[in-house]
Amino acid sequence: MIEAWREPRTRSVVIASVTLGVAVGAFGFTFGVGAISAGSSIAQACAMSLLIFTGATQFSAVTVIGAGGSPASAVSGALVLAARNGVYGLTMARRLTGPLGQRLVAAQLTIDESTAMSSAQTEPDAQRLAFWITGVTIYIFWNLGTLLGAFTGSAIDPQKYGLDAAFPAAFVAMLWPLLRDRRARLVAACGALICLVLIPFAPIGIPVLAASLAILLGVPK
Amino acid sequence: MTWALIFVLAAGTYAFKVLGLIVIGDRKLPPVLDRCLALIPVALLPALIVSGTFSVGHDLVIDARAAGVGAAVIAAWRRAPLVLVIVIGVVVTALVRAIS
Chain A
1 MIEAWREPRT
11 RSVVIASVTL
21 GVAVGAFGFT
31 FGVGAISAGS
41 SIAQACAMSL
51 LIFTGATQFS
61 AVTVIGAGGS
71 PASAVSGALV
81 LAARNGVYGL
91 TMARRLTGPL
101 GQRLVAAQLT
111 IDESTAMSSA
121 QTEPDAQRLA
131 FWITGVTIYI
141 FWNLGTLLGA
151 FTGSAIDPQK
161 YGLDAAFPAA
171 FVAMLWPLLR
181 DRRARLVAAC
191 GALICLVLIP
201 FAPIGIPVLA
211 ASLAILLGVP
221 K
Chain B
222 MTWALIFVLA
232 AGTYAFKVLG
242 LIVIGDRKLP
252 PVLDRCLALI
262 PVALLPALIV
272 SGTFSVGHDL
282 VIDARAAGVG
292 AAVIAAWRRA
302 PLVLVIVIGV
312 VVTALVRAIS
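Here the protein sequences come in this chain order: A and B.
Sequence positions in the first sequence follow the working numbering and run 1 to 221.
Sequence positions in the second sequence follow the working numbering and run 222 to 321.
I should point out that these hints are in silico values taken from the structure, not numbers from a laboratory.
It should be emphasised that the depicted structure is a prediction, and the values quoted were computed from it without experimental measurement.
No residue lacks a Cβ here, since even glycine has one placed at the ideal position from N, Cα and C.
Each statement offered as a hint is correct.
Listed next, the stretches of chain A that the computed footprint assigns to chain B, with coverage defined by at least 3 CB atoms under 8 Å from CB atoms of chain B:
{"no.": "1", "stretch": "32–43"}
{"no.": "2", "stretch": "69–77"}
{"no.": "3", "stretch": "102–116"}
{"no.": "4", "stretch": "159–166"}
{"no.": "5", "stretch": "173–183"}
{"no.": "6", "stretch": "189–198"}
Go ahead and model the full structure; you've got the sequences and the hints to work with.
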């Protein structure tokens with residue numbers, strides 16, 4: 001471990017992961033507060049972060065349930081978002097080739113940040129290391145953040161402090177880096193439009209789910 | 222939020238993670254599927270933004286949240302880090318709500 005620490009590349013990966021972990025902890029705090037204001041208990045907020053461990057999916061489910069949507073619409077919308085963790089798995093598959101038990105643990109840690117940090121490395125060893133360090137660090141900070149946020153959310157009135165805007169603001173921050181090309185911007189505009197048009201009359205939760213139809217714009221080359 | 226919902230979501234999310242990493246693994250997906258899957262967050266996040274900003278149940282409204290999320294959009298456009306974008310959204314919403 002100390003040998004590894006002397007290696008500058010290892011050190012830079014560790015420092016980057018921990019920095020990212022602290023930022024994600026603040027994000028987890030937002031989730032904890034929001035989950036409580038949407039009607040979850042402290043135990044439920046923590047269970048979601050421990051067991052689901054995928055930011056966008058958790059935020060989405062809590063948003064739909066908090067707005068009064070049916071469980072079916074909340075689950076479908078959240079699971080459509082979880083499909084992209086499957087895509088990250090495809091990216092990671094050729095880098096993580098350990099025993100099955102190890103890969104089953106790795107699966108739970110296959111999220112945006114660990115995949116991105118791993119993809120930023122060039123050497124196979126560094127790719128594996130970056131995945132594990134980032135995954136584990138974020139798992140710890142995400143859950144600590146959720147716990148603190150859930151306690152804070154139960155102690156204050158989230159509306160008064162504008163915390164009901166925390167989720168949409170978080171979604172803005174997550175969306176922005178994805179709007180790189182014209183197609184992405186078109187898909188985003190369609191997703192927003194489908195949702196807005198359906199809100200007045202479709203059951204709550206369905207407008208968000210229906211917005212996923214906008215991915216069909218990805219069919220033409 | 223119910224416990225059943227949490228367990229269904231946990232199992233479903235983990236199933237997707239295992240499907241990609243272990244079941245499909247290194248095999249290649251058809252490019253068209255690749256392109257569509259990559260667009261999922263691009264389509265769903267704007268929907269979550271507009272429903273979280275402009276809706277109360279089935280009503281479309283413009284209230285303090287619109288100002289806060291508008292400020293968050295400006296912050297994201299100016300390349301502010303994720304946490305700062307959230308803080309700006311929350312603070313502006315609270316301020317507008319306090320003075321209106």
